[in-house]
Every structure is written in structure tokens, then in C-alpha cells.
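A.B. asks: Note that the protein sequences, when read in sequence, are chains A and B. When you number the first sequence by numbering that gives the first Met the number 0, it's gap-free, plus one each residue, and the end is 179. When you number the second sequence by numbering that gives the first Met the number 0, it's gap-free, plus one each residue, and the end is 200.
The hints are simulated quantities; they were obtained by calculation from the structure and are not laboratory data. All C-beta atoms, glycine included, are put in the ideal place defined by N, C-alpha and C. A couple of the hints might just be wrong.
If you only want the chain B side, here are some residues facing chain A, beta carbon under 8 Å, derived [what the hints assert, rightly or not]:
#	residue
1	L2
2	T41
3	V72
4	G167
5	V168
6	L172
7	V174
8	L177
9	A180
10	L183
11	V185
12	R190
13	I198
Covered by chain B, per the in silico footprint, the following chain A stretches (three or more residues, Cβ under 8 Å) [to be verified]:
#	segment
14	0–6
15	77–90
16	105–113
17	143–151
18	165–176
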Amino acid sequence: MDLVDIISEKRFLGQEFLTWLWYKSEERGGTIFLPGAGDIQVVFEKHMLLESGEGESLEKLICKGLQTELQEARTGLRMGKKLEQARIYLVKGDYEWRLTLGATLFEYRNVSLPRTLAAGEEVDDQIAWEAKVLERIGMSEEAMHTIDELFRMFLNLRTGIEWSQELVRLKSWIAKGAEN
Amino acid sequence: MGLLSRNATFVRYSVEGELPGKFWEFAAERIAQYAFQDIDDTFDEYSIGWVSIDNMFDSSFAHASYAVGDYIVLSLRIDERKVSKTLLQKFSLKEEERLKKEKQIPRINRSQRVRIKEDVRLQLVKKSLPLPSVYDLCWNLADNTVLFFSISTKAQSVLEDFFKECFGVTIMLQVPYLAAAHLLDVSQQERLQELHPDIFV
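Whole structure, please, built from the sequences with the hints as guidance.
C.D. replies: Okay, here's the thing in C-alpha cells:
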């Protein structure tokens, strides 16, 4: 299968993951237990794009708001839409990121990296410059690897026998969210 | 939105294919060979090549190396002289009018119009300045992945071709289904292939 076919036939995988991740983050008030890392914070905020259908029947719903409860988005889920893009606040250990994750292509947009000692400093020698570059790469990769681990959690469930039970809980969360 | 900017935007690729044993020597040779060539003082329409992520005018990496730890960090610079369609249409029509008057003919035939349009396009290209676009990338040699700091599909397509031409290996965009293959064991991967979309309501 070439990449174009994979994108069109398997795009549901990323959208199901992102939708599941929103449910998972709200299950324990924004905290998810990540095997090997312990509790991390995953909070959905500010900006969401939901989609349903494909081709000519594709419908999109954009939801934005600083302190919003994302009611429109929850209603969208109830109508069968899934998350295509979401702004996520991520905290792991001492570090925090804000990033927008796209579900179909797994693109990372507007990734704001943790504030560290080296951040924002002007560097004028090669060693300090390399250290700054390595730190930025390391922080970008750390965010990506954390999302990978969350994706692995989802995939383990999705390809396993526990998925049917998880799906019942997920459906119940979606139904409840739309009532509130 | 690049590697050094405050807010970064990127996609991930996996690198597919075998790299030569003396990799750093190979990389040095290829990066030098495919370094960006300036076209400001020429009439060339297009130039593409590597520059330093720290300075788009540094294609010899004199001020900052592309080798940083186990990573190769580069910027892909593309300079292109572009002519707007409106300008091309305007000056082509102007030239047609001039020729009609000069030759005292009522109209210009199709083949002449095509030739006039191409001549005008070449004249306008020579007058226009090359527009630069710069995209950062970071190649993690330990796990053979590339972060490319652009979500433009056009830029991604150009990178995929240029990377293969330069380094002789293919890069594959890590969309969720392909990324999943790196996270699952063989039996899970087989089950993944069989999955169909679920309805969540």
C-alpha cells in the first residue's frame, strides 16, 4: 500500500487515538498513568477540530475558546465526529509543553517547549550553540516520545481483547459529555 | 516555525535504506556536493541545497556545523524566481498589441501567441528577484528518523526527492499507521492490519 492509500484508508487510527486520548485525560481529571513514567498530565484546551465523513460528505467543526468547556465539541462527538486536531497541554516530570497534534498525519504544530536555563539565551560560541540545539531537539523528541507512549497504550488496547470494554466506557463518556 | 524558533512545527519521517559504513565521510561529501548555490547574480530560475540552520547565507557551514552530537541538522533552502500570472498576461497582451500594430495584422495566431508568452516569461524571470524559502531538518542517526520543520505538502514532497538524491536513502512520513508498526510486536501488527473504523456513539 502506498502512502496516499495508507492516509486515506487508515486515517481513522489517528482520529480514534486522539478522541480516546481526550476521554482518557478526563477519566482522571487530566492525569494519565504512563507505564514506565508514572502520572503525566494531558489536558485538552483552547482549540479543537473535529471531522466526520469523507470526500464530499466530509464535515468539519472548529471549536475555540480560552475557558470553554468545549460543549460544541462534545456535541460533535455525540453526532459521530472524531478529533482531527487538538491543542494539548502536556506535563511530564518538571517539564511542560503545549502542542497541537494532527490526527491524520501526526503533525506537531506550534510546539512550545519547556522553559529551561538555556532557553532564550544568546550564545556566541560553538559549544554553547550546539548545547542549545541539542536541548531543543531533545525537548521536541521528548514530547514526541511521550505521545508515542500514549499511542502505544491506545494500540495495545485497540488490538487487544480489552478494547470492547474500553469502547463501552468511551461511548458512555461521549454520551455523558453531551448531556452536561 | 523552525528548529530554533520559539514555537516549532514539524513532522516525523523514518529513514529507509542502508547507509555507507564510513557515514560521516559520506555525509560530509554529499552535503558539500548538494550545498546551496546562490542565484542572485545569475538568471537561473531555481536553486535548491543545504545551508546552516543558523544562517541561510552559510552554505559552507563555516559558522555552525551540521554535525551536532548524533544528529545532522540542516536547512533546505530553495530560491525561486517567480512571475505572477497577472503580470505575464499583461505583458504578453502588450507585446501582442505591439506586434499587431507593427505588422499591420488584425490578429496573432496561436503558435505566435505561445512563443510571445514564453519570450515574455523569460524576460520577466530575468527581472524578478529569487524568493527564498528555508526549512529546517534534524536527522537522528541513532534511531534513523528525520524531523522536518514544515507542514507544507509541497515542501515535504521536495524534501523527499532531494533527500533521496543527496543521501541515496528514502524517507517515509510517519503517519499513525506507519508509526504504529514501530510500537507493536508482530502479532499486534497483524491485528492492526485487520482493524476497521469503530463507531464511538
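A.B. asks: Does each hint hold? Answer for all of them.
C.D. replies: Here is what the structure says about each hint:
1. Of the supplied interface hints, the one on B/L2 holds, with its beta-carbon coming within about 6 Å of a beta-carbon of chain A, less than 8 Å.
2. With 8 Å as the threshold, the beta carbon of B/T41 stays out of range of chain A, its nearest partner Cβ sitting at about 32 Å, so the hint is violated.
3. Checking B/V72 against chain A by beta carbon gives a least distance of about 6 Å; that is within 8 Å, so the hint holds.
4. This hint is violated: B/G167 has a C-beta 20 Å from the nearest C-beta of chain A, more than the 8 Å allowed.
5. With 8 Å as the threshold, the beta carbon of B/V168 stays out of range of chain A, its nearest partner Cβ sitting at about 16 Å, so the hint is violated.
6. The restraint placing B/L172 at the interface with chain A holds, with a minimum CB-CB distance near 6 Å, inside the 8 Å limit.
7. Proximity of B/V174 to chain A holds as hinted, the smallest CB-CB distance being about 5 Å (cut-off 8 Å).
8. Proximity of B/L177 to chain A holds as hinted, the smallest CB-CB distance being about 7 Å (cut-off 8 Å).
9. A cut of 8 Å between beta carbons decides the hint on B/A180: the least distance to chain A is about 10 Å, and the hint is violated.
10. With a cut of 8 Å, the hint placing B/L183 at the interface with chain A holds, because the nearest CB-to-CB distance is about 6 Å.
11. Hint on B/V185 is violated. Least Cβ distance to chain A is approximately 12 Å, over the 8 Å limit.
12. The restraint placing B/R190 at the interface with chain A holds, with a minimum CB-CB distance near 4 Å, inside the 8 Å limit.
13. Using the Cβ-Cβ criterion of 8 Å, the hint placing B/I198 at the interface with chain A is satisfied: the shortest such distance is roughly 7 Å.
14. A count of 3 residues in the segment 0–6 of chain A with a Cβ less than 8 Å from any Cβ of chain B is obtained; the coverage claim is therefore met, three being the minimum.
15. Look at the segment 77–90 of chain A against chain B: 4 of its residues bring a Cβ nearer than 8 Å to a Cβ of that chain, three or more, so the hint holds.
16. Three residues within the 8 Å Cβ limit are the bar, and the segment 105–113 of chain A against chain B gives 8, so the coverage statement holds.
17. Three residues within the 8 Å Cβ limit are the bar, and the segment 143–151 of chain A against chain B gives 4, so the coverage statement holds.
18. Only when three residues or more bring their CB closer than 8 Å to a CB of chain B does the claim for the segment 165–176 of chain A stand; here the count is 5, and the claim holds.
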